[in-house]
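Peer 1: So you can see what is in the structure, the chains are spelled out below.
2 protein chains.
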Amino acid sequence: MKQLQKYLPILDWGSKYTKQTLMSDLLAAIIVTIMLIPQSLAYALLAGLPPEVGLYASITPLIAYGIFGSSRTLAVGPVAVASLMTAAAAGQVANGGTAEYLAAAVLMAAISGIFLLVMGILKMGFLANFLSHPVIAGFITASGIIIAFSQLKHILGISAHGENLLQLIISVVNHIGDTNIYTMMVGIPVLLFLFWVRSGLKPLLVKMGASPFAASMLAKTGPVFGVIGTSVAAYSLDLGSKGVSLVGAVPTGLPSFVMPNFLNPAWKELLISAIFISIIGFVESVSVGHTLAAKRRQKISPDQELIGLGAANMASAMSGGYPVTGGFARSVVNFDAGAETPAAGIFTAIGIGLAAIFFTPYLAYLPTATLAATIIVAVLSLVDFSIIKKTWQFARSDFVAVITTIGFTLSMGVETGVACGVFASLALHLYKTSKPHMAVIGEVPGTEHFRNIDRHEVITHKEILSLRVDESLYFANAGYIEDRIYSLLETYPDTRHVILLCTAVNEIDLSALEALESINHRLKDAGIKLHLSEVKGPVMDMLKKTKFLDQLSGKVFLTHHLAFNAAMNDTGGQAEWTI
Amino acid sequence: MKQLQKYLPILDWGSKYTKQTLMSDLLAAIIVTIMLIPQSLAYALLAGLPPEVGLYASITPLIAYGIFGSSRTLAVGPVAVASLMTAAAAGQVANGGTAEYLAAAVLMAAISGIFLLVMGILKMGFLANFLSHPVIAGFITASGIIIAFSQLKHILGISAHGENLLQLIISVVNHIGDTNIYTMMVGIPVLLFLFWVRSGLKPLLVKMGASPFAASMLAKTGPVFGVIGTSVAAYSLDLGSKGVSLVGAVPTGLPSFVMPNFLNPAWKELLISAIFISIIGFVESVSVGHTLAAKRRQKISPDQELIGLGAANMASAMSGGYPVTGGFARSVVNFDAGAETPAAGIFTAIGIGLAAIFFTPYLAYLPTATLAATIIVAVLSLVDFSIIKKTWQFARSDFVAVITTIGFTLSMGVETGVACGVFASLALHLYKTSKPHMAVIGEVPGTEHFRNIDRHEVITHKEILSLRVDESLYFANAGYIEDRIYSLLETYPDTRHVILLCTAVNEIDLSALEALESINHRLKDAGIKLHLSEVKGPVMDMLKKTKFLDQLSGKVFLTHHLAFNAAMNDTGGQAEWTI
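From first to last, the protein sequence lines are chains E and F. Per the working numbering, the first sequence starts with residue 1, numbered consecutively. Per the working numbering, the second sequence starts with residue 1, numbered consecutively.
No lab work stands behind these hints: they were computed from the structure. Built from N, CA and C at the ideal position, the CB exists for glycine as well. Nothing false has been slipped in among the hints.
Chain E regions said to be covered by chain F (calculated; three or more residues, Cβ under 8 Å):
#, region
1, 389–398
2, 430–439
3, 476–487
4, 534–544
Which chain F residues stay away from chain E? Per the calculated CB distances, all over 10 Å, these:
#, residue
5, Thr98
6, Gly177
7, Ser216
8, Ser245
9, Ala249
10, Gly338
11, Leu382
12, Met412
13, Thr491
14, Gly527
The calculated lysine to any residue pairs, modelled on SDA-like cross-linking and capped at a C-alpha distance of 20 Å, are:
#, chain 1, residue 1, chain 2, residue 2
15, E, Lys432, F, Ala427
16, F, Lys295, E, Tyr486
17, F, Lys432, E, Met540
18, E, Lys390, F, Lys544
19, F, Lys295, E, Leu489
20, E, Lys299, F, Glu482
21, F, Lys529, E, Ala294
22, F, Lys123, E, Leu430
23, F, Lys432, E, Ala427
24, F, Lys529, E, Arg297
25, E, Lys547, F, Phe399
26, F, Lys390, E, Ser518
27, F, Lys435, E, Phe126
28, E, Lys435, E, Ser487
29, E, Lys295, F, Ile528
Sequences and hints are given; from them, build the entire structure.
Peer 2: Structural data, given as structure tokens:
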């Protein structure tokens, strides 16, 4: 039972479900439903899909995640970045608006679902750790900018296309003369209204006497008033006949079962993009899930999250939806609104289902510009350039990772941007470890402790070279360390004993062992003894498997202090002070 | 002048040249020339090129390397692996035997030359460090097997093709019925003769009264007798008319100047392969160069080697040759024969040039099978499976790197094999550092030294958790370390102080800083103080740039001993012994 609960978290929280929890979950579900309706329509637009697909992707995935997901409060559904990436990938294999395009989007959800499930079963959740915080931050900011720009055309009523920011800007500028004044007169006000809702509505409601909690929750439902207001305006002023793009007829009812067609030859072209969407969505979900779980001292399991998100995407595909993941904004709203269990998500799914049955006829007059404004306001809130300044001040390698990610995302698109960011951060890390810091050290007077002679007042001896290698020994730095030791011996020509302090050596591989053997050999020829001190257990276990310890000209000491004293006895000389 | 000597090593050794050095270099040049003639013809065959191209690639490149190279004894020219890779790449863009095929090979030498020169100017020689010893060993063994099998068809006089080992074997088996008995009667004896020359000729010569040095040098020239013997046999028995493949007419004279055609659209398809050839050739050259230089206490400069090899490849391209690099076997012969300066290489070039002028008419009757036998004997001497056993015993990650490299090289070809090997070794290294070893530690009685409680008899305190993190803190392990600390606190619920011993923390990045902040925050909420001890200078510099040290609930101590004592004073409790 315990084992089963681990793989089906619903059995755990479901068995403790109370009336109190039900009320909290229901309230959260109502608020998230109202927030999610315009968002799911808008993200479908961003993905180039019919609006009802956005609704479909907000029903069954929420139920599937509710059963399998490990986060109590993560709200899954269509999100901005996955929508943008779906559009880019589906656009490669079919023209927008065709049945093939929709089939490609559904197939991507299915591939993504299978990929995530397999990763979860293989317990590969740790791979998300290789996306560093600077890469994620840079990527979210850059994709926010691209998405916002891509929606500008809907606000102006023009057509514009582009794979990257520069193309988008040029295309908008080229078509600016085609601006439809009526569309703009809907788009600009609703955009301003939504910006105001985000920052100004809550204070106003508080001033009007609402409790801070109620004001905050009501403010989250604000975008719905933009939807209602502009729909009414479009209907009463007949804006459709004046060239304002409207959503138009939306099929009524719940999605029907769809079997994803894996025989579709397009899957080969969609595979890489679907994997990218999965990984990025997973990383976003896990970081949101971690943050929210920590606030309530709960835990999430990355491997179980893979299963939960995989099930959600499979469910999306089987109901004709497109790739989904845990959304940042809506999860925070769900959490703040008091959701206690994934039942809140299941209730939200019911709410969206009711909307699909009863409200779709009213969407016919909704201007596309309103949806575009919803997207712009949502993604611009994620744009945050402070990470650039923060990393510049802290570490150049983090800075380079951010700049690489932002630069490539803006100029080459989301997938290339993330790939280059991950590559840059890993390459910089490997580069640093390939040229490790090495310090000549001496004893801090009155202690048994050895520190860098350049930073501390320490005791040394001219015939003893104490060296601290600040890195594990492995193939990428083995040759460098060998060369450094030889050139240090040129600086300290009186050396008779070299003692390597191995506190920072966590690993040793075959290439490094061979380098150590060659150092030992060469020093022995020159009449210099090589000693090791403070070798860690795991490294000592490795060395014991080889002949190195038998061939070593010196000894291995428990502490550097013992090694230094033994070498002093051997030389018989006098220690000196250095600063 | 000193600066110029660094970039033109010839100015350094040239200024100290003596008659004594001249005699040593001349002797070495004669032996290497005799050894190189059959080899350069054979490797041209392996590359699918006319035999004279092999000679051309052994003239100007040796002179260019002599001027720019930093190794005193490295012998450059056509080598087996680069020939195999050239054949694979040129075969992608043209049919063997055509002018386009030759143009592709020449273009690859030019691309390789430019790439190496640029890398040298940018001082990127350190990149070679990322090819670990197990990857290189696995790759050499696997490519030796492939090359040997690819030559079997010439010994049998059949036609067989294949991109990988399995295809080669199947193709040979399918065509085995076509075996030309005359060809085989040349091929098998010459193969056995060459194997015998390698192991049996030297002892025989010593027994006949030659000095060990003379015997060893004469044995290296042995293959020439195979060339002469089979040519005479082919001529006198008219084997050509019996279906034995002969080299045929070879143009006489020195190569003429060729301007590589960079407008050839094939360069895009050849680029990646040319880069692979350059990197692999560079790594092979540097490791041979290092080994030989160390024997005479000389040094080579990896960045200058890039320049030297780049110049050699440019020179090869401009004289109608194909990619060259430093060969292992011939460099060792050059060294053993007493070569003291790169002048030996220049004299070798002159020797090959004389051969191109005077000896080419005699090559017409040389059987292809003889050249194939030369290749087989040369590459099989490089095949060495002991690396598999060695890595299995030492470290599983090295073992996986070897197996991956051998497996992918045999099944997918040389480029994929090396790429997968490098990827596997880097991925395994990153994986290990993403789940670092963490030890709970206690004080070794009578010292100020702290070791793992599971391995040593140490002093601990139930309210103090002393932890050693055996890795730098960076994005890939930040989350893991955070989780591990929280779960250790569940194991040690009485903890009031957590002290992190930071001797193995060589780096810290932004993601890790944020993890530390979150640990500090969460421990503070639980009434637990977080301390750091023995933080290294570079890491302390990083932390000082942030607010972390102000927010830290505990302190930073110079030694873990001081931290432990301070925490003991604070708790007032009694220390305990553990084993």
